[in-house]
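Protein chains in written order, with the numbering used here: chain A, 1 to 198; chain B, 1 to 198.
Derived by calculation from the structure, the hints in this document are not laboratory data.
Every residue gets a Cβ at the ideal spot worked out from N, C-alpha and C, and that includes glycine.
Any given hint could turn out to be false.
Under 7 Å between C-beta atoms, here's a sample of chain A residues computed to sit facing chain B [stated by the list, open to error]:
hint	residue
1	L161
2	N164
3	A165
4	A167
5	G168
6	V169
7	M184
8	Y187
9	M188
10	D190
11	G191
Chain B stretches covered by chain A per the calculated footprint, using a threshold of three residues with CB under 8 Å from any CB of chain A [unchecked claim]:
hint	stretch
12	163–176
13	179–189
DEER-style ranges, computed between Cβ atoms [what the hints assert, rightly or not]:
hint	chain 1	residue 1	chain 2	residue 2	range
14	A	R139	B	H127	47 to 55 Å
15	B	Q72	A	R132	50 to 58 Å
16	A	Q47	B	G37	26 to 34 Å
17	A	E6	B	G36	53 to 61 Å
18	B	D122	A	R139	33 to 41 Å
19	B	G186	A	A69	33 to 41 Å
20	A	G186	B	G37	24 to 32 Å
21	A	A19	B	H127	37 to 45 Å
22	A	G36	B	V135	35 to 43 Å
23	A	R139	B	K74	42 to 50 Å
24	A	D177	B	D35	51 to 59 Å
25	B	E104	A	G186	21 to 29 Å
26	B	H127	A	G52	51 to 59 Å
27	B	G186	A	G37	27 to 35 Å
Number of protein chains: 2
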Amino acid sequence: MTPQQEQAEAFGSLRIDAARNRERILAAAREVFADGGIAAPLEQVAQRAGVGIATLYRRFPTRGDLVSAAFQDKLQALVDAAELALANGDPWEGFSTYLLTVCEMQATDRGFAALFSAEALDDPRIHDYCTRALVAFERLVDAAKTSGALRADFATNDLLLLLNANAGVGAATRDVDPEAWRRMVGYMLDGFRVAHAS
Amino acid sequence: MTPQQEQAEAFGSLRIDAARNRERILAAAREVFADGGIAAPLEQVAQRAGVGIATLYRRFPTRGDLVSAAFQDKLQALVDAAELALANGDPWEGFSTYLLTVCEMQATDRGFAALFSAEALDDPRIHDYCTRALVAFERLVDAAKTSGALRADFATNDLLLLLNANAGVGAATRDVDPEAWRRMVGYMLDGFRVAHAS
Numbered sequence: 001m002t003p004q005q006e007q008a009e010a011f012g013s014l015r016i017d018a019a020r021n022r023e024r025i026l027a028a029a030r031e032v033f034a035d036g037g038i039a040a041p042l043e044q045v046a047q048r049a050g051v052g053i054a055t056l057y058r059r060f061p062t063r064g065d066l067v068s069a070a071f072q073d074k075l076q077a078l079v080d081a082a083e084l085a086l087a088n089g090d091p092w093e094g095f096s097t098y099l100l101t102v103c104e105m106q107a108t109d110r111g112f113a114a115l116f117s118a119e120a121l122d123d124p125r126i127h128d129y130c131t132r133a134l135v136a137f138e139r140l141v142d143a144a145k146t147s148g149a150l151r152a153d154f155a156t157n158d159l160l161l162l163l164n165a166n167a168g169v170g171a172a173t174r175d176v177d178p179e180a181w182r183r184m185v186g187y188m189l190d191g192f193r194v195a196h197a198s
Numbered sequence: 001m002t003p004q005q006e007q008a009e010a011f012g013s014l015r016i017d018a019a020r021n022r023e024r025i026l027a028a029a030r031e032v033f034a035d036g037g038i039a040a041p042l043e044q045v046a047q048r049a050g051v052g053i054a055t056l057y058r059r060f061p062t063r064g065d066l067v068s069a070a071f072q073d074k075l076q077a078l079v080d081a082a083e084l085a086l087a088n089g090d091p092w093e094g095f096s097t098y099l100l101t102v103c104e105m106q107a108t109d110r111g112f113a114a115l116f117s118a119e120a121l122d123d124p125r126i127h128d129y130c131t132r133a134l135v136a137f138e139r140l141v142d143a144a145k146t147s148g149a150l151r152a153d154f155a156t157n158d159l160l161l162l163l164n165a166n167a168g169v170g171a172a173t174r175d176v177d178p179e180a181w182r183r184m185v186g187y188m189l190d191g192f193r194v195a196h197a198s
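The following block holds chain A by itself, in its conformation from the complex (with noise of 0.2 Å):
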């Protein structure tokens, strides 16, 4: 081997120590965040990753660059979900589906609600991925009022009051009835269809 094989050969092995450095990195941070909300020390993270509190500075200079980092699959699968929602030719199923999606992924992931708190929406990615689902969300509201299946006054932040319900759930159900927020939300989608507004 040459020197500058070798060389080459070390640098190569660098990178995937730093590729490895960062996916343990982020998995920490989904982990903390999940326990702890994203305000969590990351002291903490660096800690659960094994990695000194430099290095994830070096990787990540801002909370929010690691806070978007970890969760920019979820954001970007919340996106997804709302979009693929619009498409669906029934207004109503593409809206119960969209909810039961997002309460699906809250479910499994105890720091996805955190997601939503004010102090993460001062992220503009954060902010930015919140909003495309924002929109879309506001255009299934209206497709599923216009056909006449959601009650005129379902309001977009009846999304946060359900998620905020799911999570209530959640806490208290899911070591021992994983499956228990489905039944809360089936109920909460049938509060909304207008045939059954009271």
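Based on these hints, arrange chain B on the given structure of chain A.
Just chain B now, kept in the frame of chain A:
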């Protein structure tokens, strides 16, 4: 004042002090249990009440003594509300009013939900109150189903589902929108009605 009168007066003051201490301990217990659940350290209760831990244990030898005394009014109100609802001529109105009452009790007292935890139900007094409330609730459910207003697949356990959802909404909105839980419960009640089942 005769020595006997002086003694009687001093004894009266002692009894007033004791009654005050008892009320202070119970008020502190309600606050501490609300924040930390009913397994919270009793030292915290004593500290908040401004009494020594020995005084607390002298008045309430077991945790169950303290918990059942602290929540006795709430537990009695729970039973009373169920029995009042049973006396309502309209079974659906009785059923829905009872659910709203229980959710309101929970919304205004974060310690309330802890009463339905396994550790609380270990205490025979709390168990007795909750059993009486549950028996009345089962009769409410039967009456509302028989009247044709409540969907046949409503399960008694859906009361806990509702309370868990209510806890989630309360936790997220208590400080910013303290009546938000009513909107969620309204949707759930619409979902419970037989005409609304899907």
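Violating hint indices (sorted, rising): 18, 21 and 24
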